[in-house]
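Participant: As you go down the protein sequences, you meet chains E and V in turn. Taking this note's numbering, the leading residue of the first sequence gets 1, the next gets one more, and so forth. Taking this note's numbering, the leading residue of the second sequence gets 1, the next gets one more, and so forth.
Think of the hints as simulated: they come from the structure by calculation, not from any bench. It cannot be assumed that every hint is accurate.
Below are the DSS-like pairs computed for lysine-lysine, each with C-alpha atoms no more than 25 angstroms apart in a straight line [said to hold, decoys possible]: (1) K182(V) - K31(E); (2) K169(E) - K182(V); (3) K52(V) - K193(E).
Protein chains: 2
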Amino acid sequence: MKNSNKLASMPTIKRLPSYLHVIEAAEKEGKEYISGTVIADELELEPIQVRKDLAVTGIVGKPRIGFPVRDLINAINQFLRWDREHQAVVVGAGHLGTALIGYEELAHRGVRIRAAFDLDQQKVGKTVNGVPVYSLGQLSDKIQELNIDIAILSVPTSHAQAVADMIVKAGIRAIWNFTTVKLKVPSNVVVQKEDMSSGYAMLSVKMKHAFGEHD
Amino acid sequence: MKNSNKLASMPTIKRLPSYLHVIEAAEKEGKEYISGTVIADELELEPIQVRKDLAVTGIVGKPRIGFPVRDLINAINQFLRWDREHQAVVVGAGHLGTALIGYEELAHRGVRIRAAFDLDQQKVGKTVNGVPVYSLGQLSDKIQELNIDIAILSVPTSHAQAVADMIVKAGIRAIWNFTTVKLKVPSNVVVQKEDMSSGYAMLSVKMKHAFGEHD
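Turn these sequences into a full structure, and let the hints guide you.
Facilitator: Following this line, the structure appears as structure tokens:
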């Protein structure tokens, strides 16, 4: 697949989890079918957008009936590879790392956080939300031992690149980056960078539209 | 502006902060102009996408020279209303709330977090990263007193709607929702919901593309 194709569907991919929420809620209510319009209304999107996004799953809706709920859930999970578990570690067990360890939605989506790592010797040997905290020196050993796929990076900015280098050296090929640093990694390592300021940009523009120019 | 127009530019709005990062870095290096291609390379986007996104600012690039750096920074900040400060409170001073209070990027973008609120009486009366923590009962008074625009909601799921109701009652019209609950609010209140699972969806698809179907 060409790079440009992947980029074109980024907003679609980002919306799939919210579709999954709505469709799972419909299933809990005992519904067998859900229409694109119902999903669109729930999420305040345009129906055409929803149908276009859901086309990536290969599931086709029936006119007047909608999409089969169970098939659509399975297809989204398969598309996102959320039909399997990923073993993860959290590197940086500060407030953000601790919050991520406790974030139930991730466990629900198959992310198994098996260990945390921190520089602070006062944290090492303890547990955070049931997850053991090790020293950074044990990173490589634990990653091998626990067969880890994903490192969630939540260290202070000043340590981000150095710790990312350690993570890559330990054999991890997927980093979920919660620091503000744009990491330099080899081309065979994938990085997803979270940026809180994107959300703040959205909030700001919504405020501008709702409250007017002179608010 | 029609609702569909606003929705059409959501991915654009979400990308603007990353453009701002790159353009500010160029200014720090003493550059007066930056080309769309340079921005695109830095962020691994298509140049056409960057030029389309930046068109919302009204700044026009010169052929072979690019965009004037200072004008572009000003125009993005103006578009996002980041040329003014917003007074904010954090409601829920747990690990996530504490992490958000310490997130420097928000301060840099004009978010002034003036107070935090928590149910836990052990936290009340103390400070978190220099921000005073009050009891939830003081919410309404403090919001009036400090002239607050934005409430950042980071309470446990089970309290999310009840606390959001208190926030709205106190006169806040913008909620940045870090809980997993889809809040019900009056139509004159704007909500921006952060969903970590969108980022995990992106990471999952990147892993699928990079490591293949059978990884």
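Participant: Would you mind marking each hint as holding or not holding in the structure?
Facilitator: Results for each hint:
About 20 angstroms separates the Cα atoms of K182(V) and K31(E), which keeps this hinted pair within 25 angstroms; it holds. A threshold of 25 angstroms between alpha carbons decides the hint, and for K169(E) with K182(V) the separation of about 40 angstroms lies outside it, so the pair is violated. Restraint check for K52(V) and K193(E): satisfied, since their Cα atoms lie roughly 23 angstroms apart, inside the 25 angstroms limit.
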